[in-house]
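I would like the entire structure built from these sequences, with the hints used as guidance.
These protein sequence lines are chains B and U, in that order. Counting from 0, one number per residue, gives the positions in the first sequence under numbering that gives the first Met the number 0. Counting from 0, one number per residue, gives the positions in the second sequence under numbering that gives the first Met the number 0.
Since the hints were made in silico from the structure, they are not lab data. Cβ atoms here follow ideal geometry from the backbone N, Cα and C, with glycine treated the same way. All the pointers check out, no bait thrown in.
Pair by pair, the computed Cβ-Cβ distance ranges are:
(1) B:104 with U:104: 19 to 29 Å
(2) U:52 with B:22: 31 to 41 Å
(3) U:80 with B:54: 21 to 31 Å
(4) U:44 with B:146: 33 to 43 Å
Capping the alpha-carbon separation at 20 Å, the derived lysine to any residue pairs in SDA-like fashion look like this:
(5) U:211 with B:83
(6) U:55 with B:208
(7) B:78 with B:46
(8) B:118 with B:232
(9) B:163 with B:258
(10) B:211 with U:52
(11) B:78 with U:144
(12) U:171 with U:192
(13) U:78 with B:141
Protein chains: 2
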Amino acid sequence: MAPLGDGSDAAEEAIAGQLVNRPISTVVIVIAMQTEALPLVEKFQLVEDSESPFPKGVPWVRYYGTYKELSINLIWPGKDPSLGVDSVGTISASLVTYASICALQPDLIINAGTCGGFKAKGASISDVFVASEVAFHDRRIPIPVFDLYGVGLRQTFPTPNLLKEINLKAGKLSTGDSLDMSPQDEASIIANDATVKDMEGAAVAYVADLMKVPAIFVKAVTDIVDGEKPTAEEFLQNLATVTATLGLSVTQIIDFISGKCLSEL
Amino acid sequence: MAPLGDGSDAAEEAIAGQLVNRPISTVVIVIAMQTEALPLVEKFQLVEDSESPFPKGVPWVRYYGTYKELSINLIWPGKDPSLGVDSVGTISASLVTYASICALQPDLIINAGTCGGFKAKGASISDVFVASEVAFHDRRIPIPVFDLYGVGLRQTFPTPNLLKEINLKAGKLSTGDSLDMSPQDEASIIANDATVKDMEGAAVAYVADLMKVPAIFVKAVTDIVDGEKPTAEEFLQNLATVTATLGLSVTQIIDFISGKCLSEL
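Dropping the structure here:
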């Protein structure tokens with residue numbers, strides 16, 4: 000096992016305790032697509048950072064501002080420099096999560112975005128879920144212990160009061176880098192007991208866990224994976240409407256968080 | 000499209016020109032598994048960095064030293080803090096590549112490791128390949144342009160003289176986060192025209208490209224994917240031997256690079 004600290008566990012726990020018991024101050028919201036990000040940029044009246052905290056050349060965008068005494072940083076991985084499409088998926092999500100934690104030292108990360116939902120597990124179009132657990136469904140490494148590493152199951156930061164107050168659904172989230180679902184993906188998603196699937200969540204959770212920052216996952220359903228319509232078509236058809244719903248839910252969550260400690264979520 | 004610079008393209012080209020025409024000074028070698036890394040740590044007499052350039056808590060390890068006038072940094076993503084296995088795959092590889100570029104500003108990145116080979120494309124156990132192109136085979140996004148983003152095809156930094164001098168094989172590399180190969184992966188690997196498959200290359204290439212650092216990929220075959228033996232079994236059986244071969248090839252490459260400019264590779 001690699002070292003996890005300098006041995007001063009008591010000091011680390013004391014710091015962690017302070018964080019849990021003082022009001023949340025800085026929030027990083029990681030959102031993969033511009034369409035998903037813009038309603039929140041407008042709602043919170045964020046501005047694009049002209050002096051990016053990220054290295055020159057990367058397309059990552061920080062929108063920031065103060066809203067209800069919270070320092071809000073909405074991080075969008077930007078458009079692919081060569082192809083001009085949103086930099087979706089686990090690699091970009093993990094990189095911006097890492098770079099944002101290093102640059103901004105948030106108290107809390109919120110990964111928000113759209114997802115596919117399974118009607119067999121109770122998901123409908125426009126439902127907004129807060130993930131109780133996240134895992135990967137496309138990292139199959141059939142060697143003992145590496146298999147668990149591949150699945151990468153993680154508990155998310157618990158938010159029982161938030162779930163009660165805002166009346167969001169809770170469900171397990173499974174992450175993979177494909178928009179479609181192969182039979183192997185499906186088997187893993189069933190093994191993960193997932194209600195929703197996305198392309199970033201478990202990657203954000205991995206980095207947040209490495210860097211010891213609490214993270215929550217807010218996912219709005221654009222398409223029913225076990226339904227009749229092709230995923231890509233249904234996704235594009237519902238993206239705008241569902242994104243507005245997602246924006247409302249994230250606003251409610253931010254309103255709820257304002258003035259609270261982590262332990263009150 | 001996101002901005003790629005501050006507009007001073009001429010200045011950037013001048014800097015790039017200088018880099019191409021002065022001897023390579025700093026090399027970062029990204030290696031996913033400790034078993035793959037240790038022969039090189041020994042060969043180059045590298046020492047583990049006691050003051051890691053990486054944030055506290057991450058398991059990433061830097062071994063460093065000077066060998067034939069090159070500043071060598073071997074970066075290994077370390078053992079997973081919870082599970083104790085090597086942090087393999089695209090997410091860890093992209094994070095350590097990013098963090099290493101930020102901290103060490105290398106002139107060249109070498110991603111070295113083991114891989115699966117396709118005998119139908121001419122690969123045999125213990126062959127060492129330098130990748131001519133890299134792409135992903137498990138990022139299927141069936142929406143126009145996003146499909147190309149998912150595949151993430153990239154040319155590697157050209158090394159015609161190195162290939163001639165050291166007599167390594169050249170071939171295309173396909174990357175995915177699974178050790179096994181699903182039928183969908185296979186179709187994508189065939190579409191990528193790949194001779195070898197690994198779990199990190201295209202991710203390292205993505206980050207190196209974002210950060211404008213030349214990268215090469217050296218991959219030694221531990222298992223024949225289109226052969227009769229199960230991949231995991233064959234991989235574990237050949238890992239130690241093939242790793243020694245990989246170590247020899249990387250040493251030859253470093254010997255060749257020493258004193259040369261990028262344009263002479």
